Amino acid sequence: MLYTVNIKTNLKDLRVKSEINQSEFARLCGVSRQTIHAIETSKYTPSVELALRIAVILNLAVEEIFSLNEV
Amino acid sequence: MLFKFIHPTPKSMIIAFFIAQLFPLLVLGLNQKLGYFIGWLQFELVILGALCLWEVKPTTELDERETEIMLRWKGRMLEVVSSLVIIPIIILSFKPEISGWTLFILTGVPMYVAFIVCTLLLKKELGYFFYTVNENG
Chain A
222 MLYTVNIKTN LKDLRVKSEI NQSEFARLCG VSRQTIHAIE TSKYTPSVEL
272 ALRIAVILNL AVEEIFSLNE V
Chain B
412 MLFKFIHPTP KSMIIAFFIA QLFPLLVLGL NQKLGYFIGW LQFELVILGA
462 LCLWEVKPTT ELDERETEIM LRWKGRMLEV VSSLVIIPII ILSFKPEISG
512 WTLFILTGVP MYVAFIVCTL LLKKELGYFF YTVNENG
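Chains A and B, in that order, give the protein sequences.
Each residue of the first sequence is one higher than the one before, counting from 222 in our numbering.
Each residue of the second sequence is one higher than the one before, counting from 412 in our numbering.
By construction, these hints were calculated from the structure, which means they are not laboratory data.
It is possible that some hints are incorrect.
Once the Cα atoms are required to be at most 30 Å apart in a straight line, the calculated DSS-like pairs of lysine-lysine come out as [what the hints assert, rightly or not]: (1) B/485 to B/534; (2) B/535 to A/233; (3) B/444 to B/485; (4) B/506 to B/422; (5) A/264 to A/233; (6) A/229 to A/264; (7) B/485 to B/422; (8) B/534 to A/229; (9) A/264 to B/506; (10) B/506 to B/444; (11) B/535 to A/229; (12) A/264 to A/238; (13) A/233 to B/534; (14) B/534 to A/264; (15) A/264 to B/444; (16) B/534 to B/422.
Model, not experiment: these values are computed from the prediction.
Modelling step: build the complete structure from the supplied sequences, incorporating the hints.
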């Protein structure tokens with residue numbers, strides 16, 4: 222069966238809820254602001270390391286931020 | 412490997428640009444033909460220099476997404492440029508008497524254009540055209 226899998230995320234909502242702007246969040250994650258924007262818009266799937274780092278910063282589980290979006 | 416240590420930052424490129432400005436003038440006094448040639452070469456270098464002022468971040472500051480994009484585009488650039496190398500070989504096999512300048516125009520110029528196009532597309536995918544030192548990451 223041919224299907225595409227990508228990652229669904231609600232990172233933007235969670236970040237806004239935490240009152241952290243993109244630049245500050247990028248600095249905390251150790252990546253560029255453009256990378257955070259790419260993750261938020263589902264244009265880029267982060268590595269496991271970055272996903273875990275994001276989860277630690279937001280004090281949430283990875284599953285609460287990222288989920289599989291099977292089409 | 413060399414570019415891991417020598418980063419084409421705006422500051423270093425501006426310094427190199429001003430030093431290069433004086434060089435053809437010095438040569439022009441010694442040998443006119445060579446001076447003109449270096450002057451023409453400098454014209455090309457100015458375009459390259461302008462591109463380098465836009466250069467992406469030093470490799471040590473790239474994050475995982477940027478590294479991935481950079482590697483992908485460098486691979487594509489190599490593919491395109493290496494496929495263009497075959498042009499002079501084919502031309503020379505049919506017309507061995509062809510001049511070096513014609514070969515340069517038919518090969519060097521497409522390579523140069525391919526490099527510029529790939530660099531611009533790389534920057535577009537990275538999400539920025541101008542690198543600032545205070546950028547995160």
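Check your understanding: Is the hinted pair residue 264 of chain A and residue 238 of chain A satisfied, with a Cα-Cα distance of at most 30 Å?
Key -> Holds, because 22 Å separates the two Cα atoms, which is no more than 30 Å.
Practice item. Take a quick look at whether residue 485 of chain B and residue 422 of chain B sit within 30 Å of each other, Cα to Cα. Key: 24 Å, holds
Review point. Holds or violated: are the alpha carbons of residue 233 of chain A and residue 534 of chain B at most 30 Å from each other?
Key: 24 Å, holds
Check your understanding: Going straight from one Cα to the other, do residue 534 of chain B and residue 264 of chain A come out at no more than 30 Å?
Key -> Since the Cα atoms of residue 534 of chain B and residue 264 of chain A sit roughly 16 Å apart, the hinted pair holds (cutoff 30 Å).
Review point. Does the structure keep residue 506 of chain B and residue 422 of chain B at a Cα separation of 30 Å or less?
Key: Violated - the C-alpha atoms of residue 422 of chain B and residue 506 of chain B are around 46 Å apart, more than 30 Å.
Practice item. Please work out if residue 535 of chain B and residue 233 of chain A have their alpha carbons no farther apart than 30 Å. Key: Roughly 22 Å between the alpha carbons, so the hint for residue 535 of chain B and residue 233 of chain A holds.
Exercise for review: Measure nothing beyond the straight line between the CA atoms of residue 264 of chain A and residue 444 of chain B; if it is 30 Å or shorter, mark the hint as holding.
Suggested key: 53 Å, violated
Check your understanding: For the pair supplied as a hint, residue 506 of chain B and residue 444 of chain B, is the alpha-carbon distance within the 30 Å limit?
Key -> Since the Cα atoms of residue 506 of chain B and residue 444 of chain B sit roughly 28 Å apart, the hinted pair holds (cutoff 30 Å).
Practice item. For the pair supplied as a hint, residue 229 of chain A and residue 264 of chain A, confirm whether the alpha-carbon distance does not exceed 30 Å. Key: 10 Å, holds
Review point. Has the given pair, residue 264 of chain A with residue 506 of chain B, been kept, meaning a C-alpha gap of at most 30 Å?
Key: Violated, at roughly 49 Å.
Check your understanding: residue 535 of chain B and residue 229 of chain A: Cα distance at most 30 Å?
Key -> OK: residue 535 of chain B and residue 229 of chain A at ~24 Å, within 30 Å.
Exercise for review: Please work out if residue 534 of chain B and residue 229 of chain A have their alpha carbons no farther apart than 30 Å.
Suggested key: Satisfied, since the Cα-Cα distance of roughly 26 Å is no more than 30 Å.
When held up to the earlier numbered hints, the structure conflicts with 3, 4, 9, 15 and fits the remainder.
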